Amino acid sequence: MRDRTRGALRLALALSLGLLLTACVSMQAVNDYSAASRKTLEGVQTIGRDYSASCLRMDQYKPRTNDKNVCAKEKTAGKGISNAALALNAYVSGLGALAADDNVAYNSQIDDLASSVKTSGIMPSNQADAFGGLAKLLSRALLDGYKQKQIRLYVDRADPDVTIASRALADVVGKFYVQYIKAELETWDFEYRELERVQKQLKPLEWQIYSEKKWQERLELEAKIAAAESLAGNVLAIGTAHSELRMNAGRLDSKELSAVIKAYVDAAIPVIKEVDEAFKQGGGS
Amino acid sequence: MTQELTAAEMHRLAEGCYEFAKALRIYRDDHWDELTDQERGDLKRLHHMLIDTSRSLVTDAVIQSLIAIGPSVAVLNECAAGLKQAAENIANVKKAIELATTAITLVASISVAAATGNVSALIGTAAGVLTLAEEVTR
Chain Z
1 MRDRTRGALR
11 LALALSLGLL
21 LTACVSMQAV
31 NDYSAASRKT
41 LEGVQTIGRD
51 YSASCLRMDQ
61 YKPRTNDKNV
71 CAKEKTAGKG
81 ISNAALALNA
91 YVSGLGALAA
101 DDNVAYNSQI
111 DDLASSVKTS
121 GIMPSNQADA
131 FGGLAKLLSR
141 ALLDGYKQKQ
151 IRLYVDRADP
161 DVTIASRALA
171 DVVGKFYVQY
181 IKAELETWDF
191 EYRELERVQK
201 QLKPLEWQIY
211 SEKKWQERLE
221 LEAKIAAAES
231 LAGNVLAIGT
241 AHSELRMNAG
251 RLDSKELSAV
261 IKAYVDAAIP
271 VIKEVDEAFK
281 QGGGS
Chain F
1 MTQELTAAEM
11 HRLAEGCYEF
21 AKALRIYRDD
31 HWDELTDQER
41 GDLKRLHHML
51 IDTSRSLVTD
61 AVIQSLIAIG
71 PSVAVLNECA
81 AGLKQAAENI
91 ANVKKAIELA
101 TTAITLVASI
111 SVAAATGNVS
121 ALIGTAAGVL
131 TLAEEVTR
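Protein chains in written order, with the working numbering: chain Z, 1 to 285; chain F, 1 to 138.
Source of the hints: derived by calculation from the structure; they are not laboratory data.
Hints are supplied without guarantee of correctness; some may be wrong.
What the hints assert, rightly or not - Dumping the calculated DSSO-like pairs for lysine-lysine here, alpha-carbon to alpha-carbon at most 27 Å:
| id | chain 1 | residue 1 | chain 2 | residue 2 |
| --- | --- | --- | --- | --- |
| 1 | Z | Lys280 | Z | Lys213 |
| 2 | F | Lys84 | Z | Lys79 |
| 3 | F | Lys84 | Z | Lys39 |
| 4 | Z | Lys149 | F | Lys84 |
| 5 | Z | Lys79 | Z | Lys262 |
| 6 | Z | Lys213 | F | Lys22 |
| 7 | Z | Lys213 | Z | Lys39 |
| 8 | Z | Lys73 | F | Lys22 |
All values derive from a computational prediction rather than experimental measurement.
Turn these sequences into a full structure, and let the hints steer you where they fit.
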């Protein structure tokens, strides 16, 4: 009889542990999505800064004025781009922070708790150890459940707006900013040829030095256009990958979701490097 | 009847101005020796005006797009705040575990105080529990 009771208890314990363990879900896909999206959006913020910088660069081709409102509209547009990217960045960062695996910190706190129970004499030493082990398991299951619930809630709520914002920002980066810099490049071409006609013959040495500097500027502008065109694809993918998160919010550890997010991250990384290179020190202003 | 241009329409117009400016520059370069100074100057002014118009239209398109996504940005800000709160709630759980640890120490201190009459350790632990309890419930 006693053996049967022990067996039933063991079975109940095993089932309970099994249930607890199934609640422990890896949210690596959410973490990866968050990290890659944050990097992409930092690139968009850089483009926002370069938008007003481009207006100031164009000023070199115009007669000097004392207009204090020079580039005011462009500064508004540039700041607006950065702020919209910042809002999306704050959201994806929030998802990443919630999905982060911080059980290591909990485990050490629970160890402190178990040790406190042991020294208090409330329960025997072996029971206090068992209490600590169970507390770790319980806290992980409860926290994972809470995190999943919150992530599902916000991914569901934000999805239409992530799609709208990412589509609009993709257009801003890949079409509007690109067109804006193409026009800067066109002015470069016009002014360079004009100066070349006169200065190349008149001051050949000075022209050589000046020409090299100007061609470097031109290469930087071309790199910015190419990087922005690639970045637009990344920005658009923030929306499509988010919709995948939403569709899989009930099974964040599924292989299908991991594969989709891995493809998203793999496509994003080379573009992020291209943007970093195009807008590195000296090229971003 | 007036109708505002959409951001996409502004962008198309900007592209048109840009293409026109580019064609003018190429024409001016190709026919440089045939043109008078006056004609070169006129073409330069026209080129710069078209480029300025193109860039201004693009900037208007950017601003209009950003205004259009304003409500979505507001929702994203709200969601970001909600996620931050959820992360803070988790931090509070950590504090609650800490509180339980201190409370258990308090129980042990009470036993010691009852047995020995030394209440100083008990007061210290009790103060710690109160501080943590305040933080958790704040």
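Evaluated hints:
For a cut-off of 27 Å, the pair hint linking Lys280 of chain Z to Lys213 of chain Z stands: about 17 Å separates their Cα positions. With a C-alpha separation of about 24 Å, the suggested pairing of Lys84 of chain F with Lys79 of chain Z holds against the 27 Å cut-off. Note on Lys84 of chain F and Lys39 of chain Z: the hinted pairing holds, with a Cα-Cα distance of about 20 Å set against a maximum of 27 Å. Proposed proximity of Lys149 of chain Z and Lys84 of chain F is supported: the alpha carbons are some 14 Å apart, at most 27 Å.
Distance hint between Lys79 of chain Z and Lys262 of chain Z is unfulfilled; the C-alpha atoms sit about 32 Å from each other, more than 27 Å. With a CA separation close to 23 Å, the supplied pair Lys213 of chain Z and Lys22 of chain F stays within the 27 Å bound. Simply put, Lys213 of chain Z and Lys39 of chain Z have alpha-carbon atoms about 31 Å apart, too far for the 27 Å limit, and the pair is violated. With a CA separation close to 24 Å, the supplied pair Lys73 of chain Z and Lys22 of chain F stays within the 27 Å bound.
Hint violations for this structure: numbers 5 and 7, all remaining hints satisfied.
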